[in-house]
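Position chain B against the provided structure of chain A, taking the given hints into account.
If you read the sequences in order, they're chains A and B. Position 68 of the first sequence, counted from 1, bears residue number 68 in the working numbering, the numbering being contiguous throughout. Position 218 of the second sequence, counted from 1, bears residue number 218 in the working numbering, the numbering being contiguous throughout.
These aren't lab readings, by the way, just hints derived from the structure by calculation. There may be inaccurate statements among the hints.
Partial list, computed: chain B residues near chain A (C-beta under 8 Å) [as the list claims (entries may be wrong)]:
no., residue
1, Tyr97
2, Ile163
3, Leu189
Covered, in the sense of this in silico footprint (three residues per stretch, anywhere, with C-beta under 8 Å from a C-beta of chain B), are these stretches of chain A [what the hints assert, rightly or not]:
no., region
4, 8–15
5, 19–30
6, 34–43
7, 63–70
8, 76–86
9, 103–111
Label pairs and their computed distance ranges (CB to CB) [as the list claims (entries may be wrong)]:
no., chain 1, residue 1, chain 2, residue 2, range
10, A, Gly37, B, Thr42, 19 to 29 Å
11, B, Lys115, A, Arg129, 13 to 23 Å
12, B, Gly315, A, Gly37, 52 to 62 Å
13, B, Pro219, A, Leu113, 20 to 30 Å
14, B, Pro104, A, Arg3, 21 to 31 Å
15, B, Glu16, A, Thr64, 20 to 30 Å
Source: prediction; values computed, not measured. From the three backbone atoms N, C-alpha and C, an ideal C-beta is built for every residue, glycine too.
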Amino acid sequence: MRRLGYALGLPFVALGAYLVLNAAPWPALRSVAFWFGGGIAVHDALIAPLAILVGALVLRIVPTAARAPVQAALIITGCLAIATFPLVWGQGVDPSVPSQLPLPYGRNLLIVLALVWLVAGAFAVARARRLRRPVLVEGS
Amino acid sequence: MEPSAVVRGLVDRLPEPRDFKSRLHDPGVAARLGIALGVSFTLCMLTGLVSHYFQQPPTWLLWPSRPVNLYRLNQGVHVLSGLASIPLLLAKLWTVYPKLFERPLLASVGKGLEKAFILVLVGGAAFQLVSGSFNVAVTFPWGFSFLPVHFAMAFVVYGALLIHVGHEYAKVRQQLKIPLVDDVRTGGLTRRGFLGVAAGASGLLVLGTAGQTVPLPEPLARWLSPFATHLPRVGPQGVPVRKSAISAGVVGTAIDPAYRLTVSGAVGEVLELSLDDLRALPQTTVDLPITCVEGWSSTGTWTGVALRDLLVAAGAGPDSSVRVVSLQQSGVYSTSAVDRPHVQDAKTLLALELNGEPLHIDHGFPCRLIAPNRPGVLQTKWLTRVEVSA
Numbered sequence: 001m002r003r004l005g006y007a008l009g010l011p012f013v014a015l016g017a018y019l020v021l022n023a024a025p026w027p028a029l030r031s032v033a034f035w036f037g038g039g040i041a042v043h044d045a046l047i048a049p050l051a052i053l054v055g056a057l058v059l060r061i062v063p064t065a066a067r068a069p070v071q072a073a074l075i076i077t078g079c080l081a082i083a084t085f086p087l088v089w090g091q092g093v094d095p096s097v098p099s100q101l102p103l104p105y106g107r108n109l110l111i112v113l114a115l116v117w118l119v120a121g122a123f124a125v126a127r128a129r130r131l132r133r134p135v136l137v138e139g140s
Numbered sequence: 001m002e003p004s005a006v007v008r009g010l011v012d013r014l015p016e017p018r019d020f021k022s023r024l025h026d027p028g029v030a031a032r033l034g035i036a037l038g039v040s041f042t043l044c045m046l047t048g049l050v051s052h053y054f055q056q057p058p059t060w061l062l063w064p065s066r067p068v069n070l071y072r073l074n075q076g077v078h079v080l081s082g083l084a085s086i087p088l089l090l091a092k093l094w095t096v097y098p099k100l101f102e103r104p105l106l107a108s109v110g111k112g113l114e115k116a117f118i119l120v121l122v123g124g125a126a127f128q129l130v131s132g133s134f135n136v137a138v139t140f141p142w143g144f145s146f147l148p149v150h151f152a153m154a155f156v157v158y159g160a161l162l163i164h165v166g167h168e169y170a171k172v173r174q175q176l177k178i179p180l181v182d183d184v185r186t187g188g189l190t191r192r193g194f195l196g197v198a199a200g201a202s203g204l205l206v207l208g209t210a211g212q213t214v215p216l217p218e219p220l221a222r223w224l225s226p227f228a229t230h231l232p233r234v235g236p237q238g239v240p241v242r243k244s245a246i247s248a249g250v251v252g253t254a255i256d257p258a259y260r261l262t263v264s265g266a267v268g269e270v271l272e273l274s275l276d277d278l279r280a281l282p283q284t285t286v287d288l289p290i291t292c293v294e295g296w297s298s299t300g301t302w303t304g305v306a307l308r309d310l311l312v313a314a315g316a317g318p319d320s321s322v323r324v325v326s327l328q329q330s331g332v333y334s335t336s337a338v339d340r341p342h343v344q345d346a347k348t349l350l351a352l353e354l355n356g357e358p359l360h361i362d363h364g365f366p367c368r369l370i371a372p373n374r375p376g377v378l379q380t381k382w383l384t385r386v387e388v389s390a
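Here chain A stands alone, though its shape is the one from the complex:
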């Protein structure tokens, strides 16, 4: 499979690299390199360590029953915030085209996240109740 992967993949990579060089002659290539490396750098040095840090905090301060719902809500919060950032940033709004980007995306993101956290909260409460219920042991 390895050989097949290289046999199929290398021509694609080579063609793609050739096309990139053609599509972005210097100095545009510098910008391509910046965004190519930037994605790796921002993830490996910022997003992932931050996620680990927050995860460690959850283990320390969130009670057991609420742990999974809080982790789930945090993951969804991070993913949605990253994916909708260009909309929330709002640089594409053009006063001459009001039908383009017509929604208040920052507010909308907050509403969606509020709903996500509400659902997570409901799960946490339900799990806490289940844990608190006395366990009936046979013979007692």
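Okay, now just chain B, sitting in the frame of chain A:
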């Protein structure tokens, strides 16, 4: 201290893979997320290729004009599968993050090559998802041309993906045989729970955006599509706009009473038609979508002169193809080619009206092209010339 000693000291302080204790850093999770990403990236690649060759068809390729909604479906899938990939990729990278700290970095040539292509895959995948999501938000904070670079990088990413699949294929098959069963007493997410959350984040993004291409009535669309870049019913005459008459610089020429549409080239008789002349020709009404390459679409009811009727009136041959030219002076999309399948389709119009009113100037007043199964950027607005070739 010597610089090399400083570097070595720093490297020694970095964590090692075994320092990452979470059970979510797991090959079974990585395998399943990898399969999901393989599917979504393949959808992106295929629909991206289709879209690219729709916009810039090679000479040997004639796209059919039917089904009417083929391009619309293609673009909807392209943008939504790209969006869905963002949480999947983040989850995947989190899962395999400890591998970043494997040492030595270059255990062997084969291992080094594998890692080099993973670097290409991660950088390229992030590049495609980031540039794509900025593009649909009409934001271009970089110094390159989006369209050709996004197209080119897709080949780099897909090639690196094929190489990665070649490396991981056996491991993934092995992992899929092991069920994901976790102890729930710790209270933290199980591996299955983590997969469900990643899928849920993707699903929320897709659902929250799909309303830009799935027609819902207002205000339902507004509330069910918090992340839609356009709403299918919001805009002049109930249809969204991507480029305004102001930004195209055609406000003066479009409303000039001296406006004429010229039909020339391989014709029996050159026609110079005023707006009243166009209105006096037999009119056709069709329901057709405007489909933006950026993934949104909106169906309108268009009325105008069928292109093939106009060509008959000008005495053009039955196998003619056409180039339409806009009043817009510059820009790649100020002109577009209409090939035979679209010329001959009865639904291809030089539209004068949208939803029962004369075209709004931002929809291309006095006259625009509207044809089935065609990217929005090629539905040329503010037409001034129809050039016929035999």
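Here is what the structure says about each hint:
Hint status for Tyr97 (chain B) relative to chain A: holds, with the closest Cβ pair at about 5 Å, below 8 Å. A distance limit of 8 Å between C-beta atoms decides the matter here; for Ile163 (chain B) the minimum to chain A is near 4 Å, and the interface restraint holds. Using the Cβ-Cβ criterion of 8 Å, the hint placing Leu189 (chain B) at the interface with chain A is satisfied: the shortest such distance is roughly 5 Å. Proximity of the region 8–15 of chain A to chain B, defined as three or more residues with a beta carbon under 8 Å from a beta carbon of that chain, is established by the 8 residues found.
Here the region 19–30 of chain A counts 9 residues with a CB under 8 Å from a CB of chain B, which clears the bar of 3, and the coverage holds. For the region 34–43 of chain A, the stated coverage by chain B holds: 7 residues have a C-beta nearer than 8 Å to a C-beta of that chain, and at least 3 were required. Coverage of the region 63–70 of chain A by chain B holds [criterion: at least 3 residues with CB-CB distance below 8 Å; count 6]. Residue count for the region 76–86 of chain A with a Cβ under 8 Å from a Cβ of chain B: 9. That meets the three needed, and the coverage hint holds.
Counting residues of the region 103–111 of chain A whose C-beta lies closer than 8 Å to any C-beta of chain B gives 5; at least three are required, and the coverage claim holds. Judged by the Cβ atoms, the range 19 to 29 Å given for Gly37 (chain A) and Thr42 (chain B) holds: they are separated by roughly 25 Å. The supplied range of 13 to 23 Å is broken by Lys115 (chain B) and Arg129 (chain A), whose beta-carbon atoms lie about 48 Å from each other. Checking the proposed 52 to 62 Å range against Gly315 (chain B) and Gly37 (chain A) shows it holds: the Cβ atoms sit about 59 Å from each other.
The given range of 20 to 30 Å is respected by Pro219 (chain B) and Leu113 (chain A), whose C-beta atoms sit roughly 21 Å from each other. Separation of Pro104 (chain B) from Arg3 (chain A) is about 25 Å and conforms to the stated range, judged on CB atoms against 21 to 31 Å. Here the CB-CB span from Glu16 (chain B) to Thr64 (chain A) is close to 28 Å, well matched to the stated 20 to 30 Å.
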